[in-house]
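The listed protein sequences derive, respectively, from chains A, B and C.
For what it's worth, our numbering labels the leading residue of the first sequence as 1, then goes sequentially.
For what it's worth, our numbering labels the leading residue of the second sequence as 1, then goes sequentially.
For what it's worth, our numbering labels the leading residue of the third sequence as 1, then goes sequentially.
Read the hints as simulated data drawn from the structure, not as lab findings.
Treat the hints loosely; a few may be bogus.
Stated by the list, open to error - Simulated crosslink set (BS3-like; lysine-lysine; CA at most 25 Å straight-line):
| no. | chain 1 | residue 1 | chain 2 | residue 2 |
| --- | --- | --- | --- | --- |
| 1 | A | K210 | A | K225 |
| 2 | C | K198 | C | K171 |
| 3 | A | K210 | C | K111 |
| 4 | C | K121 | C | K111 |
| 5 | C | K79 | C | K198 |
| 6 | C | K198 | A | K210 |
| 7 | C | K79 | A | K225 |
| 8 | A | K210 | C | K79 |
Note that the coordinates shown come from a computational prediction; the quantities given were computed from them, not determined experimentally.
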Amino acid sequence: MANSTLSRKSLVLLLGLVVLLALPPVALALDEAFFISLFSRILIYALAAVSLDLILGYAGMASLGHGAFLGVGAYVVGILAFHVSEDLAIPFLPGAWTGTTSAVIAWSAAIVMSALVALAIGALSLRTSGVYFIMITLAFAQMLYFFFVSLVTYGGDDGVNLEQRNSFPLLDLGDDTRFYYVCLAVLLGFIYLCQRLVNSRFGMVMRGCKQNETRMRALGFETYKYKLACFVIAGAGAGLAGALAANQSEFVSPGLMHWTRSGEVMVMVILGGMGTLFGPVFGAIALLLMEEILAAYTQHWMIILGPILILVVLFARRGIYGFLAGDGGRDG
Amino acid sequence: MTFFLFLEQTLNAFQLGVMLFLMAAGLTLVFGIMNMINLAHGSFYMIGAYVAAYVGHLTGSFFIAVAVALPVAAIVGMAVETIALRKLYNRDHLDQVLATFGLILFFNELTSIIWGPQAIFVPIPPLFAGSVEIIPGVPYPVYRLVIIAAGLAVAVLLRLLIVKTRTGMLIRAGASNREMVSALGVDIDRLYTVVFGLGALLAGLAGALAGPILATEIGMGENILILTFVVIIVGGIGSIRGALIGALLVGLVDTYGRAFLPTLLRALFEDPSVADGVGASVSSMSIYILMAVVLVIRPRGLFQAYG
Amino acid sequence: MDRSSPPVLRVSNLCKSFGALRASDGIDLDVRTGEIHALIGPNGAGKTTAINQLSGELSPDQGEILFNGQNVTALPVQKRAQLGLARSYQITSIFPAFTAVENVAMAVQSKQGQNFRFWAKARADRARIDPAMTVLRRMGLENVAGAIAGELAHGQQRQLELAMALATQPKMLLLDEPMAGMGPEDSRRMTEILLPLKDHLSILLVEHDMDVVFALADRITVLVLGKAIATGTPQAIRNSPAVQAAYLGELR
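Pulled out of the complex, with its shape left as it was, chain A reads as follows (with noise of 0.2 Å):
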């Protein structure tokens, strides 16, 4: 049994990757290149989904701003490529730098400035618990919401324009196919890093925390600690996904962390199947294509988004993954 469950599953992922690898030049023989664009953005997001997964459904803390972290990531890159547009130095910064392009550096920043922002965040947000965790996490994302708003200098409300797409020697990324082969290979790179997380001691710590912190503490574990590293790698992995937003649509602006964008990136993640490596995957090709789909039929699309959230919530909690993959897909 155990076998059939387990080729279950790996059927299932590898059908996903061929998917995936082939959508490409499948798209463009049928000449819709749109699809190459929207998977784009659909990698994307499943990789934000896929590092909320490590804090929601590994170690157990439902952090209701997610997005903050996605929009960080994306305004560093967007600030970088401002400032070498205009050719001005980046204020509060010693020595006159004037941005840059390279995607080498602009997407290390922005992982290094969101996993920043995630160590403060968390570090107030883990005194708590529960409730009041899920609020405080919300309101700090529209703190930053807010504060880039006000920025007036980067575009305010309507955000930051790039010229073109960042550039890593050798490689073009202006083309789609391309981007969206480096926004898969990031992806997988991504999870593949998180499978050895959730499976190393510090993993099994997370894991320890979700079910029972109360006995993780009463064992000598100093969870709070560990919690908030686990926050900021999390938090990290989704400002990387934000440097990658910014690239994919050349614009940035504060509604990547507008409130709804974490509550859509947590639905991908339920939809999707907690606390698996893969469900988030599936839960973002679901949540962005069935927003494809039915708002190619009604412009009220969300009239029946939304019940249909409810409908999973009560009835279908596995998620999809755990549906198509059988038990298999309860990695842990």
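Following the hints, position chains B and C against chain A.
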């Protein structure tokens, strides 16, 4: 002159504070008694605002508008509780967040279908139009004073309800010890529905009152909801008194922050444009900074009801 | 038991009130090295409240707790656990989704540290698993090592919780009704497991079953309405008129 400005801003702060109190009072009881996080509380506010705007437009009477909006909000609240949310009390908070997020999407879209996506502007009722001089030389809009008075009246009524009546006694007991209330053999389902309806009614009242001073629009509920969360974090879950003091505190910090911080920062920075930029940023964040400070000092809020 | 050795745990004037209720009313208590010390008393005497203050889950209003001569009164749970003060809960507290061996391995890992290792697979780490299996074997749980902890029988879960506490290699155990909800068979097994433990650690035991208490305890402290009214050997406690009046008499 500065004193007059200060007085005016203080009244503005109170007006924002009582609105937040109307929202927070119901929400904090639902948190405290049902241990339930309800993101859709803002939807009741929006429904109250839209129904009042619509009825006011039809009848021309502000009072009829409010009188209709309140029961509608309460009925919607109780219906939502009975149909969907009741099944979620024993689920974890994540499920509650997700389901009530779904409710928000539904209500926002429904409102947009019924009343259109454009914002509606509601005139100030003629009876309360204009200003009075609160002290000689300082005019202040009558309608805002009415909001403050209404909010304070509700606070007093709630206090009476909670201290003097049997329902109030159960609510108090429920907020501090849920198991005990069910052990008393009280019809807990009905108590929950009543509390939920009461919370929705207060939110609807806030919405109906907000109509004439704010735009009635889709998404208005969520903006005030997040402010309400800050109020509850500051005040402490399950405490009406915490909700009142938290609401006034948030009202004061937000209003003073926006009114005085930019001026203050101009004195600090040489470049006025930098000062304005920083001022706008900091003042938009001031209440969250308040929240952070409270979290450092008292992680469970200033007036925790239990735990 | 060495009577001349200093107490491993010394509690003086422990006070804790909940509103008007004085749950701990000036408790003094010594637990000597290598003894099993039972804390008994009627329901509502404040036994669990006392244990929770000793473990650090509640902070006392007044009083002082010395563990191995160190003042731990202000330390949080995890710090006390790191010093060697382990506990079990009245309501079983395990990791229900982990296997039995993984439950104990968490305790082993807590002792070993290296919790910031992000890469190597923890479940294949012999340094974690082998000591965990050793403890499981000692408890007679090796047959269910691979079973999901949440699906074990109640008695086995209680034993697993004790195994976790032991795997942290504590100097002292705080056991809050370890036999709660157990049948006579499981209860006897637990007694057999606990008795030899005092060779290398001290135990403070809260227990309702008087047969168990008199079989295990070297000394007994009687708690009534938050006050420690008597401390002594089982024989002395049995014969104490004050205890009989306040507590044992009530049972007859």
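These are the hints, each one checked on the structure:
no.	hint	result
1	A:K210 / A:K225	holds (14 Å)
2	C:K198 / C:K171	holds (10 Å)
3	A:K210 / C:K111	holds (20 Å)
4	C:K121 / C:K111	holds (18 Å)
5	C:K79 / C:K198	holds (23 Å)
6	C:K198 / A:K210	violated (33 Å)
7	C:K79 / A:K225	holds (13 Å)
8	A:K210 / C:K79	holds (20 Å)
Checked against the numbered hints above, the structure breaks only hint 6 and satisfies the rest.
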